[in-house]
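**Student:** What follows is the residue order along each chain.
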Amino acid sequence: MFEPEEELIGRVVRQLRRPVAIDAGLDARVMEQIARLPARRTAGPVRAVWRWLIRPRAIRLSPLGALAIAAVFVAVVLWRPDRPSSPAPASARAFGFVVVAPRAATVSLVGDFNDWDAARTPMQRTRTGESVWTAVIPLTPGRYRYAFLVDGVAWLADPTAPAARDDEFGAPSSVVTVGGS
Amino acid sequence: MTARWSGPAFGLVAAMLVAGSAAAQRLDPRLERLDSSARPIVAALVDSARAAALPTEPLVQRALEGATKRAPAERIVAAVRRLALDLGHARDALGPTASPTELGAAAAALRAGAPPATLTELRRIRRESLTVPLAVLTDLVGSGVPVDSAAAAVLSLAAKARDADLVEFRRAVERDIALGAPPASATATAAAVAAAAVQVNAGARQQRPGRP
Numbered sequence: 001m002f003e004p005e006e007e008l009i010g011r012v013v014r015q016l017r018r019p020v021a022i023d024a025g026l027d028a029r030v031m032e033q034i035a036r037l038p039a040r041r042t043a044g045p046v047r048a049v050w051r052w053l054i055r056p057r058a059i060r061l062s063p064l065g066a067l068a069i070a071a072v073f074v075a076v077v078l079w080r081p082d083r084p085s086s087p088a089p090a091s092a093r094a095f096g097f098v099v100v101a102p103r104a105a106t107v108s109l110v111g112d113f114n115d116w117d118a119a120r121t122p123m124q125r126t127r128t129g130e131s132v133w134t135a136v137i138p139l140t141p142g143r144y145r146y147a148f149l150v151d152g153v154a155w156l157a158d159p160t161a162p163a164a165r166d167d168e169f170g171a172p173s174s175v176v177t178v179g180g181s
Numbered sequence: 001m002t003a004r005w006s007g008p009a010f011g012l013v014a015a016m017l018v019a020g021s022a023a024a025q026r027l028d029p030r031l032e033r034l035d036s037s038a039r040p041i042v043a044a045l046v047d048s049a050r051a052a053a054l055p056t057e058p059l060v061q062r063a064l065e066g067a068t069k070r071a072p073a074e075r076i077v078a079a080v081r082r083l084a085l086d087l088g089h090a091r092d093a094l095g096p097t098a099s100p101t102e103l104g105a106a107a108a109a110l111r112a113g114a115p116p117a118t119l120t121e122l123r124r125i126r127r128e129s130l131t132v133p134l135a136v137l138t139d140l141v142g143s144g145v146p147v148d149s150a151a152a153a154v155l156s157l158a159a160k161a162r163d164a165d166l167v168e169f170r171r172a173v174e175r176d177i178a179l180g181a182p183p184a185s186a187t188a189t190a191a192a193v194a195a196a197a198v199q200v201n202a203g204a205r206q207q208r209p210g211r212p
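First to last, the sequence lines map onto chains G and A. No gaps in the numbering here: position 157 of the first sequence is 157 in this note's numbering, and each next residue is one more. No gaps in the numbering here: position 163 of the second sequence is 163 in this note's numbering, and each next residue is one more.
Quick caveat, the hints were computed from the structure, so don't treat them as lab data. Heads up, some of the hints might be wrong.
[Stated by the list, open to error] If you want a taste of the chain G side facing chain A, the calculated C-beta under 8 Å gives, among others: (1) Glu32; (2) Trp116; (3) Arg165; (4) Gly170.
[As the list claims (entries may be wrong)] Across the chosen pairs, the derived CB separations fall in these ranges: (5) Pro102(G) <-> Thr189(A): 49 to 57 Å; (6) Pro102(G) <-> Ser48(A): 41 to 49 Å; (7) Pro96(A) <-> Val72(G): 29 to 37 Å; (8) Thr97(A) <-> Asp117(G): 40 to 48 Å; (9) Pro138(G) <-> Gly113(A): 17 to 25 Å; (10) Pro40(A) <-> Gly170(G): 22 to 30 Å; (11) Leu53(G) <-> Arg70(A): 34 to 42 Å; (12) Ser48(A) <-> Ser91(G): 24 to 32 Å; (13) Ser62(G) <-> Pro29(A): 25 to 33 Å; (14) Arg124(A) <-> Ile69(G): 33 to 41 Å; (15) Ile34(G) <-> Ala44(A): 56 to 64 Å; (16) Ala163(G) <-> Pro182(A): 13 to 21 Å; (17) Val49(G) <-> Gly88(A): 23 to 31 Å.
Just so you know, these numbers come straight off a predicted model, no measurement behind them. A virtual CB, placed ideally from N, CA and C, is assigned to each residue, including glycine.
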């Protein structure tokens, strides 16, 4: 009823090994048929972008290159050219400011070192009832414009310091220069 | 080293870079103190200065000074614009390696009338920071010393004098002027005294044991 398994396998092998003659025009006919097929619906742009995003890529990177990329990243994120440098304790020097303001209720020291914020550096009376006011602040090397604001309304330049020449705002300012050597 | 990065990882890094850049460019919150007509113009001037690699902090401080002194918006804008121009001229005179504090001091010196060539010559002869020599030059002119006399005196001292020597020189000039000396001769006299002191101090420093 059944042919032996070896004969069956032999017959199949012979059949498979038989040379196959392919028509020389086959390729052209296949391509022609493909061209006639309706255009396949392309994936939407969102899907294409998503595929692009999730497709893994192999990147060859030397350790030096990785460090360079990390350094650039840190520099871009953290660096701001206009960021005021925080006072470095090593280079900052304490500077005392003194002004005589009789009858003043409050005196503030304002300048380039405190964003001209009258609330930042209130001056202290040397003694209750006296008219001498002082403030001590750390300054790093540089040139600073400043003034005293009396009772929140009156501006006073420092009579013991050089005057700021380019004073466009109608109220006097002084300058202090902090050296490094 | 080989790493496999997915698209989202690329996207995340790109987004962080963009966010970092945006953070660097956003409006300085201190400028909120300016009124609404001055704020956008000052912000644009600050952005322009940043793009030109000029220090922006002096511009912000000048604007804040105007705001605190309740100056009109147009005066604040004019002051900031003028300072930005001065900073650019200062950089032209001192070169691209000048520090922000040097540029600020140089801008003030130029505004006081110092010739740009004097600034360039200072850069050439002095290895240390130019902030104090430039400030002393500006302050002398402000005290009534003719700019040529002030520039000559500072140039004669700048090569070897320390910052403290220059500040002491300025005080001596101001003291003599207050006592009635003509500004130019007070400057020449104080410069001669300061130069002699600098020579003595330099000699003492050289003879100090244990120092190179």
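**Student:** Confirm or reject each hint.
**Tutor:** How the hints compare with the structure:
1. Glu32: violated (38 Å)
2. Trp116: holds (4 Å)
3. Arg165: Interface hint status for Arg165(G): holds (5 Å vs cutoff 8 Å).
4. Gly170: Hint on Gly170(G): holds, closest Cβ of chain A at ~7 Å, below 8 Å.
5. Pro102(G) <-> Thr189(A): 49 to 57 Å: This hint is violated: roughly 37 Å between Cβ atoms.
6. Pro102(G) <-> Ser48(A): 41 to 49 Å: For Pro102(G) and Ser48(A) the Cβ distance comes to about 46 Å; the hint holds.
7. Pro96(A) <-> Val72(G): 29 to 37 Å: violated (21 Å)
8. Thr97(A) <-> Asp117(G): 40 to 48 Å: violated (32 Å)
9. Pro138(G) <-> Gly113(A): 17 to 25 Å: violated (32 Å)
10. Pro40(A) <-> Gly170(G): 22 to 30 Å: holds (24 Å)
11. Leu53(G) <-> Arg70(A): 34 to 42 Å: Violated, at about 54 Å.
12. Ser48(A) <-> Ser91(G): 24 to 32 Å: For Ser91(G) against Ser48(A), whose Cβ atoms are near 30 Å apart, the range 24 to 32 Å holds.
13. Ser62(G) <-> Pro29(A): 25 to 33 Å: At roughly 41 Å between Cβ atoms, Pro29(A) and Ser62(G) fall outside 25 to 33 Å, so the hint is violated.
14. Arg124(A) <-> Ile69(G): 33 to 41 Å: Since Arg124(A) and Ile69(G) have Cβ atoms about 39 Å apart, the given range 33 to 41 Å holds.
15. Ile34(G) <-> Ala44(A): 56 to 64 Å: Holds - the Cβ-Cβ distance for Ile34(G) and Ala44(A), about 59 Å, lies within 56 to 64 Å.
16. Ala163(G) <-> Pro182(A): 13 to 21 Å: Once the Cβ atoms are compared, 20 Å apart, the range 13 to 21 Å for Pro182(A) and Ala163(G) holds.
17. Val49(G) <-> Gly88(A): 23 to 31 Å: violated (44 Å)
The structure does not agree with the numbered hints 1, 5, 7, 8, 9, 11, 13 and 17 stated previously, though it agrees with the rest.
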